[in-house]
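Residue numbers (our numbering), protein chains in the order written: chain A, 1 to 295; chain B, 1 to 295.
None of these hints come from the bench; they were simulated from the model. Mixed in with the good hints, there may be bad ones.
[What the hints assert, rightly or not] Straight-line Cα separation of at most 16 Å, EDC-like style, residue types lysine to aspartate or glutamate; simulated pairs:
1) A:K108 - A:E73
2) A:K240 - A:D71
3) A:K202 - B:E164
4) A:K234 - A:E276
5) B:K236 - B:E276
6) B:K202 - A:E164
[Unchecked claim] Output of the computed footprint for chain A on chain B, the stretches with three or more beta carbons under 8 Å from beta carbons of chain A:
7) 213 to 225
8) 249 to 259
Think of the CB as a built atom: it goes at the ideal place given N, C-alpha and C, for glycine as much as any other residue.
Number of protein chains: 2
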Amino acid sequence: MVERIGFVGPGIMGRPMALNLLQAGYPVWVYARTPARAVSLAERGASLCPTPRDVGRAADIVITMVSDTSDVEEVLLGDDGVIAGMQEGGLVVDMSTIAPAATRRMAKRFAEQQIAMLDAPVSGGDVGARAGTLSIMVGGDADAYRRMLPLFEVMGSSIVHVGESGAGQVAKVCNQLVVAANIAASADALLFAKAAGVDPAKVREALLGGFAASKVLEVHGQRMLDRNFEPGFKLKLHQKDLRIALEAIADHGLELRCVEAVAAGIQEGVEAGWGEHDTSSVLRVLEGHNGIELA
Amino acid sequence: MVERIGFVGPGIMGRPMALNLLQAGYPVWVYARTPARAVSLAERGASLCPTPRDVGRAADIVITMVSDTSDVEEVLLGDDGVIAGMQEGGLVVDMSTIAPAATRRMAKRFAEQQIAMLDAPVSGGDVGARAGTLSIMVGGDADAYRRMLPLFEVMGSSIVHVGESGAGQVAKVCNQLVVAANIAASADALLFAKAAGVDPAKVREALLGGFAASKVLEVHGQRMLDRNFEPGFKLKLHQKDLRIALEAIADHGLELRCVEAVAAGIQEGVEAGWGEHDTSSVLRVLEGHNGIELA
Numbered sequence: 001m002v003e004r005i006g007f008v009g010p011g012i013m014g015r016p017m018a019l020n021l022l023q024a025g026y027p028v029w030v031y032a033r034t035p036a037r038a039v040s041l042a043e044r045g046a047s048l049c050p051t052p053r054d055v056g057r058a059a060d061i062v063i064t065m066v067s068d069t070s071d072v073e074e075v076l077l078g079d080d081g082v083i084a085g086m087q088e089g090g091l092v093v094d095m096s097t098i099a100p101a102a103t104r105r106m107a108k109r110f111a112e113q114q115i116a117m118l119d120a121p122v123s124g125g126d127v128g129a130r131a132g133t134l135s136i137m138v139g140g141d142a143d144a145y146r147r148m149l150p151l152f153e154v155m156g157s158s159i160v161h162v163g164e165s166g167a168g169q170v171a172k173v174c175n176q177l178v179v180a181a182n183i184a185a186s187a188d189a190l191l192f193a194k195a196a197g198v199d200p201a202k203v204r205e206a207l208l209g210g211f212a213a214s215k216v217l218e219v220h221g222q223r224m225l226d227r228n229f230e231p232g233f234k235l236k237l238h239q240k241d242l243r244i245a246l247e248a249i250a251d252h253g254l255e256l257r258c259v260e261a262v263a264a265g266i267q268e269g270v271e272a273g274w275g276e277h278d279t280s281s282v283l284r285v286l287e288g289h290n291g292i293e294l295a
Numbered sequence: 001m002v003e004r005i006g007f008v009g010p011g012i013m014g015r016p017m018a019l020n021l022l023q024a025g026y027p028v029w030v031y032a033r034t035p036a037r038a039v040s041l042a043e044r045g046a047s048l049c050p051t052p053r054d055v056g057r058a059a060d061i062v063i064t065m066v067s068d069t070s071d072v073e074e075v076l077l078g079d080d081g082v083i084a085g086m087q088e089g090g091l092v093v094d095m096s097t098i099a100p101a102a103t104r105r106m107a108k109r110f111a112e113q114q115i116a117m118l119d120a121p122v123s124g125g126d127v128g129a130r131a132g133t134l135s136i137m138v139g140g141d142a143d144a145y146r147r148m149l150p151l152f153e154v155m156g157s158s159i160v161h162v163g164e165s166g167a168g169q170v171a172k173v174c175n176q177l178v179v180a181a182n183i184a185a186s187a188d189a190l191l192f193a194k195a196a197g198v199d200p201a202k203v204r205e206a207l208l209g210g211f212a213a214s215k216v217l218e219v220h221g222q223r224m225l226d227r228n229f230e231p232g233f234k235l236k237l238h239q240k241d242l243r244i245a246l247e248a249i250a251d252h253g254l255e256l257r258c259v260e261a262v263a264a265g266i267q268e269g270v271e272a273g274w275g276e277h278d279t280s281s282v283l284r285v286l287e288g289h290n291g292i293e294l295a
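Please model the entire structure based on the sequences and the hints provided.
Rendered as structure tokens:
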């Protein structure tokens, strides 16, 4: 039996993810807050629903891919939410990036109705979403994970069952803080090279061959050299993810100096008006402070 | 004609590098401040010299691999230094990590005697030195680079001619600050996962599949999980490299927040007595601040 798939939130990330599921042969029911966003999916055979509740009624598995904790709470638990339509034995998979504590609370609420919930945030950006090569970090019950795995394999190329409910979001917090630190460090390094009269492109090339190698230096380092600040991954979303990270870190009574330093740079970038630009715009904050430009 | 190679500084890094040159068929003359360190090279056919000057007299190309700027100045330009023995047309290749400004000064001094000098610091640690898979960042004249390339290819697997004299050291500054930021961010991430009740090993695995992937998370992340603080690369040497980085950054009037935050963690680790341990000991500084242990 082919599972019937619901998809709530076909945005920059969600639309190509839903499209990949359609192309893999799954029947898909979609809810979009902005219905125009779902037109291209309807043209490929998706059914459009007027509310998340209708998606829940139609589907065996509902995937959500929206912006923030409050959006997930609304589409899942609101009056017209998925929970109001879904039957026992259903599975909810939230692939948004939200607070680990909130995802655990929601999973408990669904469990009361015999509905399983996985948290499965992703890394890899819109490029990874289109190519079906996302990295997917999964928290929740092992049976639910196994049920969902064939669908994860349509959307991603690195899929790790990190642990119990919330573990996927915890891994995503870790992911976003490591990415932010790498962006800050790449900007620092390339701008220093420029100031020292050395070709930053050659420095990037040299560093990629050694212990300084990272996916961020490879991808965002090249964006910085090209001054290509088209998102990609929007700075304001990285700011949102780091707010979640800093809150979760504080919840556990931790003080992590490196995260705080890099979060400040992202905050300044948003305040400077680059929230809709790529997160590599952190470079421009640094350029402003130091009065030089990379390229 | 096979070039005669001089090697000054057969330490943890230098000895396996010199050994690889011997095994590739080059005749090698060695000077070691602590002669016992050169015994294993002599057993493989290297000639031992009593001073760097004698190495300069015997060799066409002299490689130096010592600890800090003042050591390089002494073995190259001191009374018994390489410069006192070397003939016109010789080539000096400093593979130590030292201040970019100092290497430029030394290259000018050698140029007055028609001796070329390259700066060619490396990344990859003792593992890379033994395996001949170092990343080598080269600054200096293109003809000298081409002359040295066959030897670089014996010692390394990623060799980049970054630019003119000093450019190799500038790239190494960039390398060390990116590595330090990655170590700090990896420690932050893994310790947060632990505090949040999630398996840090699973988090590392998940992150390596996405945009947070880095060589440091792979290698040093595993060291942290294993609590294996055997060097590797000593914390006190990373401290030295970041001192060079911070001085060079200040020389150019730059303020790079991320570097300063991570340098502080390394400084604290050295003060706590872990200078002889691996640079991943930065984790232990963070553990101390937060009153928890990763594993």
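Hint check:
1. A:K108 - A:E73: Holds, because 13 Å separates the two Cα atoms, which is no more than 16 Å.
2. A:K240 - A:D71: holds, 13 Å
3. A:K202 - B:E164: holds, 12 Å
4. A:K234 - A:E276: Holds: K234 (chain A) and E276 (chain A) sit about 5 Å apart, inside 16 Å.
5. B:K236 - B:E276: Satisfied, since the Cα-Cα distance of roughly 6 Å is no more than 16 Å.
6. B:K202 - A:E164: Given pair K202 (chain B), E164 (chain A) holds - Cα atoms ~12 Å apart, limit 16 Å.
7. 213 to 225: holds (count 6)
8. 249 to 259: holds (count 9)
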